[in-house]
Amino acid sequence: MTTTYSLGAAINAGLRAAMAGDDKVVVMGEDVGTLGGVFRVTDGLVGEFGADRVVDTPLAESGIVGTAIGLALRGYRPVCEIQFDGFVYPAFDQIVSQLAKMRARSRGRLSLPVVIRIPVGGGIGAVEHHSESNEAYFAHTAGLRVVSCSNPDDAFHMIQQAIASDDPVIFYEPKRRYWDKGEVSTEPTRSLHEAAVLREGSDCTLVAHGPTVATALAAADAAREDGFSIGVVDLRSLSPLDVPTLRKVAAESHRMVVVHEASTFLGIGAEIAATVTESCFYDLEAPVLRVGAYNLPYPPAHMENDFLPDIDRVLEAVETSLNF
Amino acid sequence: MTLTVSLPAADRDPEGGAVSTALATVLGARQDDPRSVPPFQLIDEDGEPTALGVSIGIDLNLAQEMHADMVLARRLDSEALALQRQGELHLWLMSWGQEAAQVGSVRAVRDSDMIFPSYREHAVALCRRIAPADIMRQWRGVSHSGWDPAESKVHINSLVLGTQTLHATGYAAGVRMDRSDDVVLTYFGDGSASQGDVNEALNWAAAGSLPVLFFCQNNQWAISTPTHTQMRTPLHVRAAGFGVTGYHVDGNDAMAVHAVTQYAAEQVRGGAGPALIEAQTYRLAGHSSSDDPKRYRTEDDLAAWLKKDPIVRLERFLRRAGVEDAHFEDLAAREEAFAATVREQCKALRGDDLAAVFDQTYAEAHPVMDREKAEFLGRRDRTVA
Ligand SMILES: Cc1ncc(C[n+]2csc(CCOP(=O)(O)OP(=O)(O)O)c2C)c(N)n1
Ligand SMILES: [Mg+2]
Numbered sequence: 001m002t003t004t005y006s007l008g009a010a011i012n013a014g015l016r017a018a019m020a021g022d023d024k025v026v027v028m029g030e031d032v033g034t035l036g037g038v039f040r041v042t043d044g045l046v047g048e049f050g051a052d053r054v055v056d057t058p059l060a061e062s063g064i065v066g067t068a069i070g071l072a073l074r075g076y077r078p079v080c081e082i083q084f085d086g087f088v089y090p091a092f093d094q095i096v097s098q099l100a101k102m103r104a105r106s107r108g109r110l111s112l113p114v115v116i117r118i119p120v121g122g123g124i125g126a127v128e129h130h131s132e133s134n135e136a137y138f139a140h141t142a143g144l145r146v147v148s149c150s151n152p153d154d155a156f157h158m159i160q161q162a163i164a165s166d167d168p169v170i171f172y173e174p175k176r177r178y179w180d181k182g183e184v185s186t187e188p189t190r191s192l193h194e195a196a197v198l199r200e201g202s203d204c205t206l207v208a209h210g211p212t213v214a215t216a217l218a219a220a221d222a223a224r225e226d227g228f229s230i231g232v233v234d235l236r237s238l239s240p241l242d243v244p245t246l247r248k249v250a251a252e253s254h255r256m257v258v259v260h261e262a263s264t265f266l267g268i269g270a271e272i273a274a275t276v277t278e279s280c281f282y283d284l285e286a287p288v289l290r291v292g293a294y295n296l297p298y299p300p301a302h303m304e305n306d307f308l309p310d311i312d313r314v315l316e317a318v319e320t321s322l323n324f
Numbered sequence: 325m326t327l328t329v330s331l332p333a334a335d336r337d338p339e340g341g342a343v344s345t346a347l348a349t350v351l352g353a354r355q356d357d358p359r360s361v362p363p364f365q366l367i368d369e370d371g372e373p374t375a376l377g378v379s380i381g382i383d384l385n386l387a388q389e390m391h392a393d394m395v396l397a398r399r400l401d402s403e404a405l406a407l408q409r410q411g412e413l414h415l416w417l418m419s420w421g422q423e424a425a426q427v428g429s430v431r432a433v434r435d436s437d438m439i440f441p442s443y444r445e446h447a448v449a450l451c452r453r454i455a456p457a458d459i460m461r462q463w464r465g466v467s468h469s470g471w472d473p474a475e476s477k478v479h480i481n482s483l484v485l486g487t488q489t490l491h492a493t494g495y496a497a498g499v500r501m502d503r504s505d506d507v508v509l510t511y512f513g514d515g516s517a518s519q520g521d522v523n524e525a526l527n528w529a530a531a532g533s534l535p536v537l538f539f540c541q542n543n544q545w546a547i548s549t550p551t552h553t554q555m556r557t558p559l560h561v562r563a564a565g566f567g568v569t570g571y572h573v574d575g576n577d578a579m580a581v582h583a584v585t586q587y588a589a590e591q592v593r594g595g596a597g598p599a600l601i602e603a604q605t606y607r608l609a610g611h612s613s614s615d616d617p618k619r620y621r622t623e624d625d626l627a628a629w630l631k632k633d634p635i636v637r638l639e640r641f642l643r644r645a646g647v648e649d650a651h652f653e654d655l656a657a658r659e660e661a662f663a664a665t666v667r668e669q670c671k672a673l674r675g676d677d678l679a680a681v682f683d684q685t686y687a688e689a690h691p692v693m694d695r696e697k698a699e700f701l702g703r704r705d706r707t708v709a
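Chains A and B are the protein sequences, given in the same order. For the first sequence, the numbering used here gives the first residue as 1, with consecutive numbering after it. For the second sequence, the numbering used here gives the first residue as 325, with consecutive numbering after it.
Hints may be right or wrong, so weigh each one.
[What the hints assert, rightly or not] Estimated spans, in silico, between C-beta atoms of each pair:
hint	chain 1	residue 1	chain 2	residue 2	range
1	B	Leu626	A	Ala104	48 to 54 Å
2	A	Asp52	B	Gly595	44 to 50 Å
3	B	Ser504	A	Asn305	43 to 49 Å
4	B	Asp694	A	Asn323	21 to 27 Å
5	B	Lys671	A	Lys181	56 to 62 Å
6	B	Pro550	A	Ser229	54 to 60 Å
7	B	Lys671	A	Ser229	46 to 52 Å
8	A	Ile124	B	Ser469	16 to 22 Å
9	B	Leu626	A	Ile124	43 to 49 Å
Just so you know, these hints were derived from the structure itself, not from any lab. It should be emphasised that the depicted structure is a prediction, and the values quoted were computed from it without experimental measurement. Positions of the beta carbon are idealized from the N, C-alpha and C atoms, including for glycine.
In isolation and in its complexed conformation, chain B is listed as follows:
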C-alpha cells in the first residue's frame, strides 16, 4: 500500500498569505457594526467578482489552487460514499457543498496553527496533506482516529459535539503561555453552537483574550433540525455578546472565506483576542450515509443551494478570468488518479487487533489491562486452535 499521493494544496503558502490594506479597511469597518451584516462576498453566484471583489482584488493563482483543492475534496466525498455503499466504509459524512468554507479557511492560516476539527472537515484534512487512508480509517470502523496530530497539526476528530472548542481554547492558553504567535483554529457546526461547551469556550476565550479562531460552518442543518430551531440570533452577532469579534462570510465563496479568515487570523495573532467566523453554506448531502434528507427538507430548498455550488462558482470565475481549458483538463486527470488512490487506500486499510487497545488505554502499566489482555489472547488462541 502506498501512502504517497498527489495531495491537494501542493503549492499553498504555508504562512497563509498576507492581508492587503484594501481588505483590512473593508473588514475592519464592518466589525464596528454589532448588528447582523450580510455575508462578505468577493465572487457572486455567477462567478462574477462583486464590487468588493473588484476593489479589493482577487488573487488568480490562489483561486486556481483552491479550486483544485475543492475538486479533489469533492472527489474524495463521492468516492467515499460509493465505498460506503459497497460496504467498504461503515459510515461517511459528506462535506459536499462545504468545500469553499473548509479550503478557504484552512489555507488562510499558517501550517503551525493548530486545528481542532469536528468530524466533517475532510477538505481541511486534505489541505493539511493528510492521506485519504488516514481520513477514511475511522469511517471504515478500524480505528477511532486517523492521523497523527503532531504531524499534521490537526487534532483527531471530535464526535461529541462542540467539545473540541474547549480543547482549542485550552490549547490556545498554552500557546500564549509559550509566547508563541500561533493561532488555534476550531471548526464546529450550527447545531453544535447550542451546546454549553461551545458557549463556555467563547466566553472563556474572550475572558482570557486567547488566540482562538472559532469557525462555524453554518450548513443550515443539524441532521433534520434547521438552524432557526437552534437559535434566534445569528452566530456572528452572538459572538459580540461574548466579547468575541464576529465575522459573517459567504461560505460558498472560497475567496471571501480565505480573505476573512486571513484577516481574522491576523487580528487574533496580533493579540486582539478571539474571533468567530460564521460561514453561510449548505450541506448538500444527507447528514451521513445513513440519513434520508427527503424526510425533512424540500427539493426546492436543495435546488436553491445547488445554484450556489462553491466549485461551479469558482470555475466560472476562473474561466471568465481566462484560465485555459488545459488547466481544467489537467485537473480532471489529477482527479481520476486521486480517485484511484482513494479506492486503493481504502480497501487496503486494516486495523489493530483488540489486543492493542489494552496497551493504548493507559500511559502507565495497569493490572486490569494486563490480566484482561492475557484473558483475551487466551480466548483468541483457543478459537484459532
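Just chain A, with the same shape it has in the complex:
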C-alpha cells in the first residue's frame, strides 16, 4: 500500500510515526512548535504530542545540540532541527567534539541516539547562509552517521531509521525538493546505509545524493537519447558509504561521475573517487570524475544557476569520461 506525499510531508509523517511509536522521541529546534518549522516539516506535531515533546527552543544552535546530548544521556531520543544549513556552525563543537566522540570517550558506555535534521542546499533563491552543502564537514568526523534523502519514500523511512539508530545521525533534507511529491510505501525497502541503484548503465554511472539525484536522472535521460547507457546511484548514506554497491556499479559501467552540490575540494566526490580507484582500478576506463559547485562561498542568488552543477555540467563530465 502506498500514499502520496511531498518530501517535507513525508518527513513530517515519519516524525509522527516515530513519536507515536516511542515516547522517548522528542523534537526540538527554533520555531518547530506553533509555527511547525519554517518549512512546516514539524507542522501539527506540537498539537499532537504537546510542548514537552515538541520544543520551541531558545535561539541557540549550540544549546540545541548540547541539551539534546544531555537529554540523550538521560534516555531520550532527541531529533533536533537546524533551521538552515548555514546555521549549524554555532553547534560545531557540540556536534564534532561532543556528540561524535562521547561513545569512544566513554569506552563504549555512552551512546547518543541524537538526530540532527538539516535542510540543505541551494536553488531556492535564498539570501546568504541559506543554501549551503556542508555534509563533508560531518562525514569527515568519526562517530557521526550522515545520510541524505532525495525522495519522499526515503524521507519517510530514513528519518525513522535514523531515530531508531543508537548512534548520532546527521539527516540532510534537500530543501529545494521539499515540495516534490512521490509515493510512500508502508515498509522500507532498504536499510539506512544502503545506496539505491536507480538505473543500471553500461557506459557510465552517475552517483548523486539529495538534491542532485533528480539532476543525475535528468542527465541520464538526456544521454540515453544520444544512445548512451548511463546508470544512476542514489547514495542515500554519506557516512558510511555503501562501498560494495559503488564497487559493483563501477565494475559494470567502467566509468563513474559523482555529482553533488557541495564544492568539489575534499568533498564526498573526492572520497568516492579515491575509494573506487583504490578498489577497482583495473575495472575503470577513466578516472572517476567529480561535478560539484565551484570552490567558492555560496554566491548571491542571482548567480546560483551558474554556480550549481546542472544537467549540462553533468553531461560535460560524462562526455569527458567517455572520451578519456
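Guided by the hints, dock chain B with the ligands onto chain A, whose structure is given.
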C-alpha cells in the same frame, strides 16, 4: 541610474548632540537600581510629554527631523515589500514599527562611531546616508552586501545571529588601542540574545571595559518565538550580571531612545565601560516577506501594539506642539519623491557576474580560483556561442 537622492537626516547633528544636566540626573539615578525598571519614556502613546518629558525638555527641531527620518524609513519598507511582491526583491525584512528605536539611537551617536548592525536596520542605514539601492541590493539577490562600510561607518549586515556583537567588541578593542574616543554601536534582536556569541560579547566587553554600546531591539518576537521563550530575566537586567550598564527604554518613543542613547554613549565614550540598551518595541509585520504571522500571534496582540505606533505618536506630539500642516505636506511630497527613487533604484540594480566572486574570495592569488575561473569563463563562452 542616479544614486543621489534626498536622504533622510539631512540636518542631523554629526556629533549626536549633547546631554542635558536634567537628563543626566534622571538616567544616572535609574542606573543605580539593578532591578527591572519601567521603560524610560518622554512622550506617551497619545503624543503627550510625560512628567519626565516636561522636566527634561523635548527638542522640537530634533523631533521634527527624526519624524521625517522615520516616515521615509517606513516608506522604504512599504515600497520594498511591494517590490518583493512584484518579484523585484527576493526577500524583505520589514522594520515597520521599529523606526523610533533605530532612528532615535543612530542619531544619538557620532558619525565616526562604527555601527555593527544585524539585518533589519534599514532606518539606521538611511540615517547614515546609505542609498536605498545599497540597502536593497542584498535582498534582490544580486550581492551579499550593500554599502561600503568604510564610507558609511556601518559594517555589512550579519545574518548569522549575534555574530556581529563579537565583531563590535573586537573593533572596540582596536578603537581603544588607537586611543580614539569613538564608541562602537551594535544592534541585535531579543532572539539573538540567546546566542552564545552575544553573551560572550557582553562578558568580553565588560571584562575589558571596552567602548561598546549594545542595542537590543526587543521586538517581542524571533520569527514565531516570543521573548518569554528566550529568557526569564529582561536583558537590561541581565546586563548587570555581566558588569554592563543596562538601560531600559520605550523603543517606540523616538525622543526617549535618543535621550537614553545619547546619555549611554557619553558614558561609554567617557570610559565607563560597555552599556546595553533594551528598547521595547514591536515587529508589526511578519518576520520577513515569506512569513505568515497569523500562524502564531493574535490580532489582539498586534492591535495593542498598533496603538503604540512610533510615527503616529511623534506626529501627534508635533501637531500638539504647534507644528504646522505645511511641514507635514512638505514631508508627504518628499516621501513620494523618495518612493519613486526607491522603485527606480531597485529596478536598476544589477549584480556582478560569478566571475567576479573568484576575484573577491581571497586577497592574494590562489591557484584554485585561477583554474576554476577559467573553467567557468570557458563554459559561459560555450553557452553564449
Ligand atoms: C545562527 C542563526 N540561527 C538561526 C537563524 C534563522 N533566523 C533568522 S532571523 C531569526 C529570528 C531572529 O530574532 P531576533 O534576534 O529577535 O531578531 P528579529 O528578527 O526579531 O529582528 C532566526 C531564527 C539565523 N539567521 N542565524
Ligand atoms: Mg526579535
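Status of each hint after checking the structure:
1. Leu626(B) to Ala104(A): 48 to 54 Å: holds, 51 Å
2. Asp52(A) to Gly595(B): 44 to 50 Å: holds, 49 Å
3. Ser504(B) to Asn305(A): 43 to 49 Å: holds, 45 Å
4. Asp694(B) to Asn323(A): 21 to 27 Å: Holds, at about 25 Å.
5. Lys671(B) to Lys181(A): 56 to 62 Å: violated, 36 Å
6. Pro550(B) to Ser229(A): 54 to 60 Å: Between Pro550(B) and Ser229(A), where Cβ atoms are some 57 Å apart, the hint holds.
7. Lys671(B) to Ser229(A): 46 to 52 Å: Holds - the Cβ-Cβ distance for Lys671(B) and Ser229(A), about 48 Å, lies within 46 to 52 Å.
8. Ile124(A) to Ser469(B): 16 to 22 Å: About 20 Å separates the Cβ atoms of Ile124(A) and Ser469(B), which means 16 to 22 Å holds.
9. Leu626(B) to Ile124(A): 43 to 49 Å: Because 29 Å falls outside the window, the suggested range is violated.
Checked against the numbered hints given earlier, this structure breaks hints 5 and 9; the rest are met.
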